[in-house]
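There are 2 protein chains.
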Amino acid sequence: MCQLLGMNCNVPTDIVFSFTGFAHRGGRTDEHKDGWGIAFFEGAGVRLFVDHESAVASPVAELIKRYPIKSKNVIAHIRKATQGQVALENCHPFVRELWGSYWVFAHNGDLKQFAPLLDGAFRPVGSTDSERAFCYLLQQLRRRFGDTPPALDALTAEIRELTREIAAHGVFNMMLSNGSALFAHCSTRLHHIVRQYPFTQAKLSDEDLSVDFSEVTTPNDCVAVIVTEPLTTNESWQPFAPGELKVFVEGAAVSS
Amino acid sequence: MCQLLGMNCNVPTDIVFSFTGFAHRGGRTDEHKDGWGIAFFEGAGVRLFVDHESAVASPVAELIKRYPIKSKNVIAHIRKATQGQVALENCHPFVRELWGSYWVFAHNGDLKQFAPLLDGAFRPVGSTDSERAFCYLLQQLRRRFGDTPPALDALTAEIRELTREIAAHGVFNMMLSNGSALFAHCSTRLHHIVRQYPFTQAKLSDEDLSVDFSEVTTPNDCVAVIVTEPLTTNESWQPFAPGELKVFVEGAAVSS
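Top to bottom, those sequences are chains A and B. Under the working numbering, the residue at position 248 of the first sequence is numbered 248, and the numbers go up by one with no gaps. Add 1000 to a position in the second sequence, counting from 1, and you land on the number used in the working numbering.
Be careful, since some hints might not be right.
Said to hold, decoys possible - Covered stretches of chain B, going by a simulated chain A footprint (3 or more residues, C-beta under 8 Å):
#1 1038–1045
#2 1087–1094
#3 1100–1109
#4 1192–1203
Since the hints were derived computationally from the structure, they do not count as laboratory data. For clarity, every value in this text was computed on a predicted model and none was experimentally measured. In this text, a Cβ means the ideal position worked out from N, Cα and C, and glycines have one as well.
Between the sequences and the hints, there should be enough to build the whole structure, so can you do that?
Have a look at this one:
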């Protein structure tokens, strides 16, 4: 199984602290060493870094730990291959364009007998069940709403329907973002936290590192972090319920 | 105007030497400081690095100069903004998926009154004429050939037709690759060279740096390098004719 990390904020925020702990699970404190990837939205653009080296050994991961790219939406993934060989085209996150926006997707889990009919609008490049699910999701969104992106409520309702359908095939913990909202679906394991005023100190569980968020934030900042396993030992991470889809906008969970 | 750099090889080759000289044009030996980008195919996967800092100042460019990513197809771009603001989503190269392959595109030039009808299958995220041209190219390829990628000859003929149509709107020096072939179209300025046995020493024109390719190659290697302005002072770069489209496969120019 893989691990997922997502961040959704109301101001561009760097993910150096959280990524540092997360990257250690890629080959050091955990066995997820078959590649990793991270995608940052920056305005409408996306920076995508993927690597099939373990996150611990990768010089690109080293760069990200040092280079504070600020983003309002980030999705990261470390991979333990279950389906698809260890190759760059099988590294998450995956990126496609729909409605003139980039969409970023990462998945943790394993889908069985999942061979949806793809009409060719979005076709997998690699051989993972995950990329297949992503292509199917976008295809169905486009079929459902045509050329006009819907309002968030309608979009969320459709994504909820689609994740339920896909999750019937196996474990489907996933994160999906179009750069404004971050959708997170839990089959088995996912946690989240919202960091906001008053900010406190947080201590990484995977490395001897702390940060005092009150020193690097303003009182208006809201930062939602979503992750497979809690990243810190002294914050109160909320587990998702199995089957739950949460939507984060501007650093807060929104109900719909 | 921007500058383009492409490489097409028969064995995965690193582009450190050529990129080092090229990156110096991004803010040091030339004025192309409104961002840069580089895309490497690695198998079916693509690594894309884009930045709106100048290539000279960018820590990501620094990483690429030190980290020898090996690839059979590379497209790089340094940008002097003519249309579209300086933003990540306007940095070349652009990437989309068609027929289950990633396609990478970069453009140097300026298209006037270019507003083709886009049916929604490929839609620009940013505001450049370049991304618009890329979306139009892929849309027309998919319309022409449906869901089945054609043979190289038919593909080349269609791309030749489309580049001619787009180039009627202005300067359209461009590079396009699907990971196996690299298509290069020249409106005004483009040069190429094929490095092959017997390899010799090459000296960068933008920096005091030489490499003896005979020490880092095997006799079977073929490496085609395509660039706006020649990168070295002691090799014989061939200029493209205006309006010419060249196709490179396995490190050689193929006629079709």
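Tested hints:
no.: 1; hint: 1038–1045; verdict: holds (count 4)
no.: 2; hint: 1087–1094; verdict: holds (count 5)
no.: 3; hint: 1100–1109; verdict: holds (count 3)
no.: 4; hint: 1192–1203; verdict: violated (count 0)
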